[in-house]
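Asks: Once you have looked at the hints, place chains B and C on chain A.
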Amino acid sequence: MISNKESRYRRFVRLFLKGNQAKLGLAIVILFLVTAVFIAITGKSFLPYNPIEQDVGPVLGAPSAQHLFGTDNLGRDVFSRIVFATPNDLAVSFIVIASSFVLGIFLGCIAGFWGGLIDEMLMRSTDVIFAIPALILAMSIAVILGPGLIHMMYALMLIWWPPYARLARGEALRISQRNFVEAAKASGINTFKILTTHIIPNILTPILAYATLDIGTVVIVYAGLSYLGLSVQPPTPDWGAMVNAYQDYLVSAPWLPLFPAIVIAIVVIGFSLLGNGLRDAVELQTIS
Amino acid sequence: MQFGYYLDGLLHGDLGFSVFKGEPVSEAMLQTLPFTLQIAFFAILFTLGIGIPLGVLSAKYHHTVVDYGITGFYLAGIASPYFLLALFLLIVFTFMLHLLPSGGALSPGITAPYPITHFQLLDSLIEGRWSTFVDGLFHLIMPSLALALGIFGFITRVLRASILDVMHANYIRTARAKGVDENTLFFKHALRNASIPVVTLASIVVTWLVTGTLFVETIFAYPGIGQYAVQALSNLDYPSLLAITLVFAVIIVLSNLAADVLYAVVDPEIRL
Amino acid sequence: MVENVLEVNDLSIDYDSSQGTVHALESVSLTIEPRSLIAVVGESGCGKTSLGLGIIGLLPTPPANNVRGKVIYKGVNLLELDKEEFRRYRGTEIAMIFQEPITSLNPVYKIGMQIAEAIAIRNSRKQRTPNSEDNGTKSREIREEIIASLKMVRIPDAENVMNRYPFELSGGMRQRIMIAMALAQKPSLLIADEPTTALDVTTQAQVLKLMHNLMDEVDTSILLITHDLAVASQVADKVAVMYGGQIVEVAEVNELFSEPLHPYTQGLLSCIPSGTKRKARLKPIQGNVMDLRETVNYCKFAPRCPFVMDQCKTAKPNLLEVKAKHKVACYLHA
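Protein chains in written order, with my numbering: chain A, 8 to 295; chain B, 2 to 273; chain C, -15 to 318.
The following block holds chain A by itself, in its conformation from the complex (with noise of 0.2 Å):
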């Protein structure tokens, strides 16, 4: 039974690295991944300049040996400001998609297993929530809360969870139809148990795929609201405020704020094409 298991996940991971675009995409997030946690850990020890820091180079310098990605109006150099601003959008967008997962898994079985007038509530909640888009959402609940990367967090926290509620929901009914689970209700077993051992190992894949999938949309609009001034404030970098801080430049220094964005719609490529990968192996090994 425990060689099973690890030859089917050593099989996954193999049938994963066939794909091309799974590949590109891992080296993708790997890449920003590592570069994240190197910032978070050594912070600005290693970078070739102080992010912060005016006037290491010529004001609005144009991309050179000395700075990969020039310099902007205040004379920063601005590839620092970049790898330094790394760890805010992934660390946000995956906090953010982990606690979605989690509360929505919690909140999915809870109303599918159920049913009823939780089953009702959940659904009544997750359609007002709906209607509105993320964004908009975040951004009403960032001016109430005042502007900052920890409450940006908090506010897409609150709004993330909806999709994976429904998703959770939809196969945890699914699942409690099957003669299994009516047998485990029967035998009189506890219903958290049932929920641990049974339902929830059977709705993880799905959602783990739809999830990888969302790190990227998550990185989009976290990107847009620090754009819009409601993440970090100034001077401290973040990829979104930069493109909004140099927008103006546009023409005289294009490389300004088109690099930032740039870099954002990177890794939600890397995200996209690593989601893609990991779904394609699950359906090739469900074939095989």
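Worth flagging that the hints you see were computed from the coordinates, not collected in a lab.
Warning: the hint list may mix true and false statements.
What the hints assert, rightly or not - Straight line, CA to CA, 25 Å or less: simulated DSS-like cross-link-like pairs of lysine-lysine:
# : chain 1 : residue 1 : chain 2 : residue 2
1 : C       : K110      : B       : K189
2 : B       : K189      : C       : K122
3 : B       : K61       : C       : K67
4 : B       : K189      : C       : K297
Stated by the list, open to error - Partner residues are not named here, just some residues of chain C that face chain B (Cβ under 8 Å, in silico):
#  : residue
5  : T45
6  : R72
7  : G75
8  : T76
9  : A79
10 : M80
11 : F82
12 : T87
13 : S88
14 : L89
15 : V92
16 : I105
17 : F151
18 : A189
19 : L316
The model shown is predicted, which means the values in this text are computed figures rather than measured ones.
Glycine included, every Cβ here is placed at the ideal spot set by N, Cα and C.
Replies: Just chains B and C, lined up with the frame of chain A:
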């Protein structure tokens, strides 16, 4: 208590008074919403105009260079943050090619038409001012395109998968056995069935449009609700923000209803 | 001498698969006379569906390739035509109906419209004079034709059914509509691939009887592909038994059932549950279906044959006429 008053006022069409703007919120809404709707209209047009043909092409030439190229193209679009595409278009069409204006609803020096319908394009047509109409159109192209480029990928992807699916269906085989030629087979038989899943994307598209206008209008200085919202945000104009959120919610619910209707039109099984 | 509607000469079809080339058909030959029903009988995988698809030109050409031989329809070798020319034969000369009626009709168009399309194709090919009459007459004519074709397959309340969508009708009705649609184009050959397998027994009998009766009415021959000898016995004039991609026996129906010559045919017959037989036990045929990937130089049935001789394992028997209008490929009778 206060909320109760608000709801009551809402039912009477009163959205509150924006202290910052010095005018009723509903007034500001009336002035800005039509502009955003203009952008939305053309954005949807572009989205379908780019998404559908590319979906058909990538299905027809699936697993060839064309297919991979299109996939790469739309992935880049979907993955781009809301503002990237706008900035990109701005650089290319305004600053490099000097083809399109950089912002605003009308070029400076052109007077706005009298607001009869409050839709600037329609009003200029009503007044017979053709050049104003064309000028307004030119200012619309980039904002709409920026929105469309970010979302058309969903349509392309779903349509491609759907077409490939449908082409293997038994009823296509029947049609071939009837002697139907390939063109008719594709456009009449396959496409009609393949478009059904695309309708489900309607709500995603609308959500994207609504969110995207915030950024696109800011970058292009287009006087719509998006720009209004961003201003309200930075001024902490609570009444406006509340009203805007409500309006967005209403728009989305309405569009979901419209999507349901569209769904019934396309799929006879839903109709009956 | 009446010309044969169809003559298949040495038709061979290969399929590419991930595990090698599968020889789905090997040197298959048969003839179909006007207004007759020939049943091709065999187990799954014996190549009968490929035969049908090959004749009408609907083989999925990525996996299928290397189609050799001749398919002569009214004197024309269809395999020599290019795709567009071949297409002109489909529907109005050779028609085909398939096994799953549930999914074989386009779900988003009404029945009437789908039949109208078939009729329109026939009209455009017969090159009726360009329509100088008003559209009103033409559409009325077509409408009447649709109703007539539905009535021909005994569908009640044809005007109503015309305006329905496929999902509103039962499987049996859909299959009858398929037949109506195919025959509305007045083909000379109708290929029916397991048309009744998805239907219940009563409906099966009805549909079969219908098809048989329509042959004279519409001047069509039918090539009925089935795995069920009982079905063949009900309606066929001639029966061809296939095994392993080859035809092993061909005879008129009564002849085949009274004097089956090939051991495989005999085995099939003893498999039919019949309430009148004394013995209660069914005698299945021993062994497994052979792997069609191998090209062999011996009789493909030899491994399972209860009468196998040395000769059978070293050379392939040809299809020879050993009695009047009764051909068999077996060394027992060579």
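Asks: Hint by hint, note whether the structure agrees.
Replies: A quick look at each hint next to the structure:
For the hint linking K110(C) to K189(B), the alpha-carbon distance of about 23 Å falls within 25 Å, and the restraint holds. At most 25 Å may separate the alpha-carbon atoms for a hinted pair to count; K189(B) and K122(C) meet this at roughly 22 Å. The suggested pairing of K61(B) with K67(C) holds, with an alpha-carbon distance near 18 Å, which does not exceed 25 Å. Between K189(B) and K297(C) the alpha-carbon distance is near 54 Å, which puts this suggested pair outside the 25 Å criterion.
About 12 Å separates the beta-carbon of T45(C) from the nearest beta-carbon of chain B, more than 8 Å, and the hint is not met. Satisfaction of the interface hint for R72(C) is found here, the shortest Cβ-Cβ separation to chain B being roughly 7 Å, below the 8 Å cut-off. Because the closest C-beta pair between G75(C) and chain B is about 3 Å apart, less than 8 Å, the hint holds. With a cut of 8 Å, the hint placing T76(C) at the interface with chain B holds, because the nearest CB-to-CB distance is about 6 Å.
With a least beta-carbon distance of about 6 Å to chain B, the hint placing A79(C) at the interface is held under the 8 Å criterion. Satisfaction of the interface hint for M80(C) is found here, the shortest Cβ-Cβ separation to chain B being roughly 4 Å, below the 8 Å cut-off. The restraint placing F82(C) at the interface with chain B holds, with a minimum CB-CB distance near 6 Å, inside the 8 Å limit. Annotation: interface hint on T87(C) holds; nearest CB of chain B at approximately 4 Å, less than 8 Å.
Interface restraint check for S88(C): the shortest CB-CB distance to chain B comes to about 5 Å, inside 8 Å, so the restraint holds. The interface hint given for L89(C) holds, since its Cβ lies 6 Å from the closest Cβ of chain B, which is under the 8 Å cut-off. About 5 Å separates the beta-carbon of V92(C) from the nearest beta-carbon of chain B, less than 8 Å, and the hint is met. Against a cut-off of 8 Å between C-beta atoms, the interface hint on I105(C) holds, since the closest Cβ of chain B lies about 5 Å away.
Look at F151(C): its Cβ gets to within about 5 Å of chain B, closer than 8 Å, so that hint holds up. Interface hint status for A189(C): violated, as the beta-carbon distance to the closest one in chain B is roughly 24 Å, over 8 Å. A distance limit of 8 Å between C-beta atoms decides the matter here; for L316(C) the minimum to chain B is near 39 Å, and the interface restraint is violated.
Consistency note: the structure conflicts with the earlier hints numbered 4, 5, 18 and 19.
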